[in-house]
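Build the full structure now, drawing on both the sequences and the hints.
2 protein chains.
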Amino acid sequence: MPDSRAAEIVRGTMRLLAGLGFHGVTEMTLANNRRADIAALGPAGEIWIIEVKSSVADFRSDSKWPDYMSYCDRLFFAVGSDFPQELIPDETGLIVADAFGGAVIRDAPEERVAAARRKAVTLRLARLASMRLMQAADAGWTVAPALLT
Amino acid sequence: MPDSRAAEIVRGTMRLLAGLGFHGVTEMTLANNRRADIAALGPAGEIWIIEVKSSVADFRSDSKWPDYMSYCDRLFFAVGSDFPQELIPDETGLIVADAFGGAVIRDAPEERVAAARRKAVTLRLARLASMRLMQAADAGWTVAPALLT
Chain A
1 MPDSRAAEIV
11 RGTMRLLAGL
21 GFHGVTEMTL
31 ANNRRADIAA
41 LGPAGEIWII
51 EVKSSVADFR
61 SDSKWPDYMS
71 YCDRLFFAVG
81 SDFPQELIPD
91 ETGLIVADAF
101 GGAVIRDAPE
111 ERVAAARRKA
121 VTLRLARLAS
131 MRLMQAADAG
141 WTVAPALLT
Chain B
1 MPDSRAAEIV
11 RGTMRLLAGL
21 GFHGVTEMTL
31 ANNRRADIAA
41 LGPAGEIWII
51 EVKSSVADFR
61 SDSKWPDYMS
71 YCDRLFFAVG
81 SDFPQELIPD
91 ETGLIVADAF
101 GGAVIRDAPE
111 ERVAAARRKA
121 VTLRLARLAS
131 MRLMQAADAG
141 WTVAPALLT
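For the record, the sequence lines run as chains A and B.
Numbering of the first sequence is given in the UniProt record's numbering, commencing with residue 1 and proceeding in unit increments.
Numbering of the second sequence is given in the UniProt record's numbering, commencing with residue 1 and proceeding in unit increments.
Hints were generated in silico from the structure; no laboratory data involved.
For glycine and all other residues, C-beta sits at the position ideal for the given N, C-alpha and C.
It cannot be assumed that every hint is accurate.
Straight-line distance between alpha carbons at most 35 Å, and here's what the computed DSBU-like set of lysine-lysine pairs gives [unchecked claim]: (1) B:K64 with B:K119; (2) A:K119 with A:K64; (3) A:K64 with B:K64; (4) B:K119 with A:K64.
A few chain B residues facing chain A, derived, Cβ under 7 Å [said to hold, decoys possible]: (5) R15; (6) G19; (7) V25; (8) L41; (9) F59; (10) L123; (11) M131; (12) A136; (13) A139; (14) T142.
Structural data, given as C-alpha cells:
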C-alpha cells in the first residue's frame, strides 16, 4: 500500500485508533514475515491489525489477509469512502478513513490471540516503536533499515 | 534529571543499550507514579530501568531508586565518568556514559519481575513509544501531555 492515497488512509486510521485508545505502529513485520500495515494495542493489551486498501485493484491483488488473523484479536480493513464495502470479508471489520480521520463502520469479530503470541507481538511492537522513536530523536544513531520494520 | 549533562548521559546510554539489543523510552511513568529515566526491553522481554545521575548532588537528593526495583529485572545507575562510583548501591548496576556512548561497568543483579507486572510494563512501554512516535510523525494530531510520560 505504498501510494499517497494509502498514506492518507493510514494517517486518518491512526487518528481514529488513537481516539479509541489504541496506539501502535505502521508497517510491522510479523513472525510469519507478513507485514501488517498497522498494528495497535488497546488499553488492556488487545491487538488490532488494520490492512489498508487504497483501491479495489489493491484489495484484489492481496490474498494475504488470512495470514494476519492469528496475530491479532481483531482484523480490520481500512479503505476510502469510495471503496465498495461489500467486498470486505465477513471475518474482518471495516474502517472508512481519509487523511484527517475515520470511523469504524463495522466491528471485527473477536478471535483471541494465544497468550504466548500476544506476548511476542506486544514485545515486538514495543521494541520497534522504541527503535523508530530513537531514530527520530537521535540523528547520530544509525540502525539497519531491516530492523525498523 | 532535566539538565543538559543528564541529557547527554541519556543519549549515550540509549546508544549503549541499543548496542546490547535493548530498546525503550525515556521518562516513563510507572504504576507507582515514579518516573523512570529510561525503561528498555531486551530481545526476550527483559526489563531494564536506568536512573541517570548528572552529579553527586543529584544522586544524594534522590532516595526513590528502591521504588523502581520491583518494576524491572535489573536496575542500573548511569553516570558521567567523573562520578564517584563507590556511591552506587550494590543492588544496582553501573553504566558510565557521555553524549556519544557508554559502557556497562558493573552488571546489575537480576531480580525477575512478576509475570503480570512484566506484561503491564511491556504494554505501557509499547503504547507510550507508539504515542510519541505518532506525535513526531503527525503534526496535526494532538494528545494531552500527561499521556506522553
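Task: Structure versus earlier hints - violations, ascending order - done: Hints 3, 6, 9, 13 and 14 are the ones this structure does not satisfy, whereas the remaining hints hold.
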